[in-house]
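Trainee: Given these sequences and hints, build the entire structure.
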Amino acid sequence: MKIAQKSRWIYLVVGCLFLGTLSAQAQIVNVESLRRVSDTSRWSGNASLSFNLIKNKNTLFNLRNTLQVQYLYKQHLVLFINEINFKEVNAKNLVDKGIQHFRYNYRFSKSFAWEGFVQSQFDEISAIDFRGLIGTGPRFKVSKSEMYNFFLGTALMFEYEKIENALENVRNRDFRNSSYLSFSLFPKENISIVSTTYFQPRLNKWSDFRISNDSKVVIGIVKNLGLSIGVKYLYDAFPAIGIPKEQYRITNGLTYSFD
9 MKIAQKSRWI YLVVGCLFLG TLSAQAQIVN VESLRRVSDT SRWSGNASLS FNLIKNKNTL
69 FNLRNTLQVQ YLYKQHLVLF INEINFKEVN AKNLVDKGIQ HFRYNYRFSK SFAWEGFVQS
129 QFDEISAIDF RGLIGTGPRF KVSKSEMYNF FLGTALMFEY EKIENALENV RNRDFRNSSY
189 LSFSLFPKEN ISIVSTTYFQ PRLNKWSDFR ISNDSKVVIG IVKNLGLSIG VKYLYDAFPA
249 IGIPKEQYRI TNGLTYSFD
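Under the working numbering, the first residue of the sequence shown is numbered 9, with each subsequent residue one higher.
The reader is advised that the hints may include incorrect statements.
[What the hints assert, rightly or not] BS3-like cross-link-like pairs, simulated, lysine-lysine; straight-line CA separation at most 25 Å:
no.: 1; residue 1: Lys170; residue 2: Lys100
no.: 2; residue 1: Lys95; residue 2: Lys253
no.: 3; residue 1: Lys231; residue 2: Lys95
no.: 4; residue 1: Lys196; residue 2: Lys231
no.: 5; residue 1: Lys118; residue 2: Lys95
no.: 6; residue 1: Lys149; residue 2: Lys240
[To be verified] Between beta-carbon pairs, the in silico distance windows are:
no.: 7; residue 1: Asn232; residue 2: Arg179; range: 39 to 47 Å
no.: 8; residue 1: Lys253; residue 2: Lys196; range: 17 to 25 Å
no.: 9; residue 1: Ser151; residue 2: Ile227; range: 43 to 51 Å
no.: 10; residue 1: Asn64; residue 2: Phe246; range: 36 to 44 Å
no.: 11; residue 1: Asn232; residue 2: Ala99; range: 33 to 41 Å
no.: 12; residue 1: Leu160; residue 2: Ala99; range: 41 to 49 Å
no.: 13; residue 1: Arg257; residue 2: Ser187; range: 17 to 25 Å
no.: 14; residue 1: Phe166; residue 2: Asp104; range: 32 to 40 Å
no.: 15; residue 1: Lys65; residue 2: Asn232; range: 26 to 34 Å
It is worth saying that the hints were derived from the structure and are not from the lab. Beta carbons are placed, not taken as given, at the ideal position from N, Cα and C, and that holds for glycine.
Mentor: And the structure:
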């Protein structure tokens with residue numbers, strides 16, 4: 009009986025590793041997934057690094073790095089995210105994207121905080137050569153349970169965007185509102201569900217807006233290691249020329265967390 013149980017665990021872990029290898033490039037960066045419900049000082053977060061080199065009739069190179077870190081001290085909360093994803097086939101870039109996000113949050117009470125953030129981003133698939141953001145605004149907690157958390161936030165944000173492809177070469181400098189609804193659910197000790205929906209209209213042209221949803225379920229396998237399943241959806245009313253208004257990803261992989 010013990011041998012059979014041990015074998016099932018081995019098959020489960022190997023199977024999850026296989027799934028993670030198939031879609032390691034597709035893990036989702038979500039700022040809200042870093043926020044931990046705690047009043048103690050501590051570091052927490054997760055990190056991953058993957059590297060693949062395949063040589064047959066083609067040469068495939070893939071590099072992905074993700075680092076998500078939170079530091080909490082009394083009323084102060086600092087979040088940092090770094091994600092790089094690079095894929096090349098026969099010396100031709102297929103995917104080249106990355107994001108760096110820094111956020112500071114000061115909590116005035118259990119239900120009200122003020123936060124500021126800066127972000128840099130590039131995404132070859134969306135023709136974004138560079139996008140830089142800086143913004144600030146309030147954040148409200150609208151629930152009190154330890155089993156679930158709901159948050160509302162809004163911010164005034166300045167955006168500088170550089171778009172370059174074969175069809176256009178433009179520079180955008182806009183002020184946008186960035187509002188979000190976020191929730192975290194913990195139905196069981198080893199299961200967490202995190203979802204965030206953003207709405208970002210341009211202040212002088214509200215028909216120019218973006219809507220995005222980033223959701224992830226993590227199921228714990230062993231201590232600090234879990235299987236993650238994620239869905240990410242983006243709608244951009246005015247994307248770069250040649251880029252679809254709607255984009256989405258469905259992903260799965262392994263997540264290692266530390267705290």
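Trainee: Each hint: holds or not?
Mentor: These are the hints, each one checked on the structure:
no.	hint	in the structure
1	Lys170 to Lys100	22 Å, holds
2	Lys95 to Lys253	23 Å, holds
3	Lys231 to Lys95	31 Å, violated
4	Lys196 to Lys231	15 Å, holds
5	Lys118 to Lys95	43 Å, violated
6	Lys149 to Lys240	23 Å, holds
7	Asn232 to Arg179: 39 to 47 Å	44 Å, holds
8	Lys253 to Lys196: 17 to 25 Å	37 Å, violated
9	Ser151 to Ile227: 43 to 51 Å	23 Å, violated
10	Asn64 to Phe246: 36 to 44 Å	41 Å, holds
11	Asn232 to Ala99: 33 to 41 Å	38 Å, holds
12	Leu160 to Ala99: 41 to 49 Å	47 Å, holds
13	Arg257 to Ser187: 17 to 25 Å	23 Å, holds
14	Phe166 to Asp104: 32 to 40 Å	25 Å, violated
15	Lys65 to Asn232: 26 to 34 Å	40 Å, violated
Hints 3, 5, 8, 9, 14 and 15 from the list above are not met by this structure, while the remaining hints are.
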